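Line order of the protein sequences matches chains C and P.
The first sequence: position 351 = 351 (my numbering), numbered continuously.
The second sequence: position 415 = 415 (my numbering), numbered continuously.
Hint data in this document are derived by calculation from the structure and do not stem from the laboratory.
Please read these numbers as outputs of a predicted model, since none were measured by experiment.
Please note: incorrect hints may appear among the correct ones.
One copy or two, it doesn't matter: identical chains are merged, so the pair holds either way.
In silico DSS-like links for lysine-lysine, alpha-carbon gap of 25 Å or less [as the list claims (entries may be wrong)]:
hint, residue 1, residue 2
1, 329, 581
2, 518, 581
3, 538, 127
4, 536, 518
5, 5, 536
6, 538, 442
7, 518, 442
8, 5, 446
9, 127, 5
10, 536, 127
11, 442, 581
12, 518, 52
13, 127, 502
14, 52, 446
15, 446, 329
16, 518, 5
17, 329, 52
2 protein chains.
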Amino acid sequence: MRQEKLLIPTLREAPSEAEAISHQLLLRAGFIRQVAAGIYTYLPLGLRVLRKVSAIVREEMELAGVQEILMPAMQPAELWHESGRYEVYGQELIRFQDRHQREFVLGPTHEEVITALVRNEVNSYRKLPLTLYQIQTKFRDERRPRFGLLRGREFLMKDAYSFDSSWEGLDSSYRSMYDAYCRIFARCGLNYRPVEADAGAIGGEGGTHEFMALADIGEDTVVSCMSCDYAANLEKAEGHSGEADPSLLLQVEGNAEAGSAVNKQGQAAAGAGHYDRLHTPDTRTIQELAQSTGMAASSFVKTLIYLCDENYIAVLVRGDHEVNEIKVKHALDAENLVLADAAAIEAITGAPTGFAGPIGLSIPILVDRSVAAMKTVIVGANEQDYHLRNVQPGRDFSLRIMGDYRNATEGDCCPRCGGGLVFHRGIEVGQVFKLGTKYSEKLDAKFLDSTGREQLMIMGCYGIGISRILSAVVEQHHDSGGILWPNAIAPFYVHLIMVSVKDTEQVRLAEELYRQLKVAGVEVLLDDRDERPGVKFKDSDLIGIPIRITVGRQAAEGLVEYRERRTAEQIVISADTVVAKVTG
Amino acid sequence: MRQEKLLIPTLREAPSEAEAISHQLLLRAGFIRQVAAGIYTYLPLGLRVLRKVSAIVREEMELAGVQEILMPAMQPAELWHESGRYEVYGQELIRFQDRHQREFVLGPTHEEVITALVRNEVNSYRKLPLTLYQIQTKFRDERRPRFGLLRGREFLMKDAYSFDSSWEGLDSSYRSMYDAYCRIFARCGLNYRPVEADAGAIGGEGGTHEFMALADIGEDTVVSCMSCDYAANLEKAEGHSGEADPSLLLQVEGNAEAGSAVNKQGQAAAGAGHYDRLHTPDTRTIQELAQSTGMAASSFVKTLIYLCDENYIAVLVRGDHEVNEIKVKHALDAENLVLADAAAIEAITGAPTGFAGPIGLSIPILVDRSVAAMKTVIVGANEQDYHLRNVQPGRDFSLRIMGDYRNATEGDCCPRCGGGLVFHRGIEVGQVFKLGTKYSEKLDAKFLDSTGREQLMIMGCYGIGISRILSAVVEQHHDSGGILWPNAIAPFYVHLIMVSVKDTEQVRLAEELYRQLKVAGVEVLLDDRDERPGVKFKDSDLIGIPIRITVGRQAAEGLVEYRERRTAEQIVISADTVVAKVTG
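Please take these sequences and the hints and turn them into a complete structure.
What follows is the structure, given as structure tokens:
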């Protein structure tokens, strides 16, 4: 294509609202423009990349035997009432009424529509397994859209749904999509990790992986092992502190029973006297305590009071650890978990926020195993301005409910091999999910098995953020000059620069190479603009097409410059051989 | 692809809600399924056709030098306030608020978004002309969605917008799109007519054509000449009755002046006595009058009272003609035109509805030229239960305001060549429109011309109903057995039928041909289902793939059946030559 007339409005400066480098570069290089917060127009270059990513997804879906369909964005609310999600989805779900006051939603995802479709159209095990996908525009009214295409309100997704007649079938469908996803992200040039993720309310039989493109801007934390291929997101990752070796834990568990018995006798402070009161005026946070006492944060134990569904509970983690609420919810099989408010904390502990501790508490106490593995700890005294020192877990408070309730931390041991865990930031570009019978049960999607009995279909769902991939790729592939598109998804493969449109020899040679490249099937962008060379080269670096061929002063001698954007290696070669070099 | 696992849920019976044959067949052949009224899911076969039509559109757009972009469906209401359309668009526009109570609409069209884009990104004549298009999902909350994809609420459209620096440039952009549209519809196999249409409020400098696929189910009337290539939609078409030859009209116009003079003297009934009162009790319609008097409807003149913006007017047309309100609005440069209510009619004429006539009326009277060309007419007497006979236009009522105010009728003379006009029903599959400066003015889209002066961009817009084309094609291409897809947009080119999946010879040969066809680049659907032959053939006819190759009993002898769906011609040929016949 010819750049003179192509709409590529490059910008010298990044618009002030763009924080992420990918957002800045996609705006500056003229790939996208914002229409409203989280809502974008794809300009010609942006759309070309979007379509290349889509094409890769389609190829891999077809290879995996997955069928493409297209479902509507407008979905009747009835379906969402059937699944029960209408009430629980929250404000991200865009709802509106049609002219006849019928309720609709704009699909953020299509489990309901597809389950209703398959329920109506498939009724025999002979038609299973069946996996369907679409590449379609999704709507989510994000509270805080940001980072350009990374967190938008209208975005392009590939969503697939599998229907199986058995759990083994689901495992196989899931694995097939997992493998296809690996190929897709690799082909898009992404440095990604598939990580174990939390399956949420789906429960034990379900499994889920997220595909994380590693990038500092990422909103998720990827926990991975330096020695084996274990990787999980922070919600899911298990971490073991050095102290918490199994034998020690067993020992502690013995103590736990004793502690539990003590507690049951209502003598919460059975070990009283073994520990000391510590005057800690106005020190409510671990940070303040560590500062005022000169002790490490890991010497302390944090006691957090939560409202868990309808009951209050306490969760104990080491001072340098963070509670993982997902793990706590799973342990208690709870739906909702929120920190207790100040009034409740005061009522439960008898002290204002900041001085809670396990001793004497009459609510269930969940003790993280890192706490259980500590010899002595400092905890809140349940009394304003006081903490307790030399408290012994198991002796002074019960370890009856003990488990993994914290986020892993860097340096923890891998749960698989004991190697060291490291953290990275990641952008979630895809997720595969074993849904099981969650939707088939709600929407009554059944089939007749080979014995003629009705069974619920067993489902999986699989998503890829097509538009998000653009941003993730740019986050990973750029330099100070602009974008470095991977070949497979670059908007063009060759950027052919005609340095001076007034030099007839340059024009002639550039036009001839343009023609030859097109004939050879190479996607080429010809910069035929009447601009200064500096502008042309700056724009070219910004746009990031993999190969640049410059037709300049040496055109008369039949020489051109060949340059790879990524390496910046530049050679002068004969115009006669340059097309072969590009295609060879 | 293999049919065994492909989701093609064919139906023996058409669902009762489907009136149009295309709707019935697309449902029965498993191309689409309804999610809600006017909202559909495209199943694998339907999506394949949709993507083929899209590919043709993209090819022709690229050939026309048009650039593809992708705009969002969610549009901020501010833009629609700027253009003034937010208030006037009516209930078809879907409106909703985001979580922060900001108003949005779901785009039924994108003039606002694109004008705002180009206003921001293009500011010099050197970047013009510029034509941009997208293939994107549109939303219109139709009052009465029907006929499947013909009138839906969510549908796929190609919409393009041109920006020029001069009116001549617009003419050229418009012509280029017009030509591309002709190629697109022809390639899709449509029997279509480009027709002159009404440009509505855009005014004189604008022009517009609709592209009509001829089909009985069509909601529009196409008026075309049997002798020349004149064609227009009913709103726009000019028709001349045989009587209304120019000389006669001139003569009448002379009379008109006289009549006008008479009227000006306030002697509305100057010719009184020349005409007779006719007692017509309870005959309020032309039909009733014709029946009770035994005279042809064309002997009568209908007098319709309208409220036109803020004034009442009367419009006279022959009894067998219909008022064309668009033409009346243009003649009076009016925004709104509605029939007067009964009370207003009684106040103006002194008689209840059904007895209005021109004589004695004190409001402006628009006389259709067919009326002016009549020697004597029968009109309402402005008195209950009476009409007047032997009334002479020009003598008994003024012809001062005379023109073309009626719909053309079949048999009228072509305004170009005088040939006979015929009527067809048409489905609007595309429209090209000279917008002029309507949006650039409202949204302040200006450029600097070569002298450095600011000028408004001159715009055109161009739409194609991609999903609607599917229905239009099926309306035109079907027989009693099912669909007859044109080659260019067929979901597959060859339907390869393995008659018995239990016959190893058939299976072997069919698999071999399947492989060969795929290697040859032919899109082939292999019916490898374990179904009776009758079911396979019925489904095949229903789906409508152009060529069918049947591998049956003669497989052992190396023979197969080759059959064209459209002609039903069937031959037995050697399996060795069938691939060459398909590709040759």
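Okay, the hints, checked on the actual structure:
Taking the shortest Cα distances, residue 329 and residue 581 never come within 25 Å of each other, neither inside one copy (59 Å) nor across copies (66 Å). For the homomeric pair residue 518 and residue 581, the shortest alpha-carbon distance inside one copy (14 Å) is at most 25 Å, but the shortest distance between copies (32 Å) is not. Proximity of residue 538 and residue 127 under a CA criterion of 25 Å is satisfied inter-copy only: 20 Å between copies versus 56 Å inside one chain copy. Only within a single protomer do residue 536 and residue 518 lie at most 25 Å apart by alpha-carbon distance; the minimum there is 21 Å, versus 45 Å between protomers.
For a Cα distance limit of 25 Å, the shortest separation of residue 5 from residue 536 inside one copy, 15 Å, qualifies, whereas the shortest one across copies, 52 Å, does not. Taking the closest pair of Cα atoms, residue 538 and residue 442 never come within 25 Å of each other, the shortest separation being 56 Å inside a single copy and 36 Å across copies. Taking CA atoms no more than 25 Å apart as the test, residue 518 paired with residue 442 passes in neither setting, with 54 Å inside one copy and 41 Å between copies. Taking identical chains as interchangeable, the C-alpha atoms of residue 5 and residue 446 lie at most 25 Å apart only when they sit on different chains, with a minimum of 18 Å there against 55 Å within one chain.
In this assembly of identical chains, residue 127 and residue 5 lie within 25 Å of each other by CA distance solely across copies; the values are 6 Å between and 51 Å within a copy. Only between protomers do residue 536 and residue 127 lie at most 25 Å apart by alpha-carbon distance; the minimum there is 16 Å, versus 57 Å within a single protomer. In the homo-oligomer, the alpha carbons of residue 442 and residue 581 never lie at most 25 Å apart, since the shortest distance is 59 Å inside one protomer and 52 Å across protomers. Proximity of residue 518 and residue 52 under a CA criterion of 25 Å is satisfied in both settings, with 18 Å inside one chain copy and 23 Å between copies.
When the C-alpha separation of residue 127 and residue 502 is checked against a cutoff of 25 Å, the pair qualifies only between copies, where the shortest distance is 18 Å, while the shortest distance within a copy is 65 Å. For a Cα distance limit of 25 Å, the shortest separation of residue 52 from residue 446 qualifies neither inside one copy, at 37 Å, nor across copies, at 34 Å. In this assembly of identical chains, the alpha carbons of residue 446 and residue 329 never lie at most 25 Å apart, being 31 Å within a copy and 59 Å across copies at closest. In the homo-oligomer, the alpha carbons of residue 518 and residue 5 lie at most 25 Å apart inside one protomer (18 Å), although the nearest pairing across protomers, at 39 Å, exceeds that limit.
In this assembly of identical chains, residue 329 and residue 52 lie within 25 Å of each other by CA distance neither inside one copy nor across copies; the values are 41 Å within and 49 Å between.
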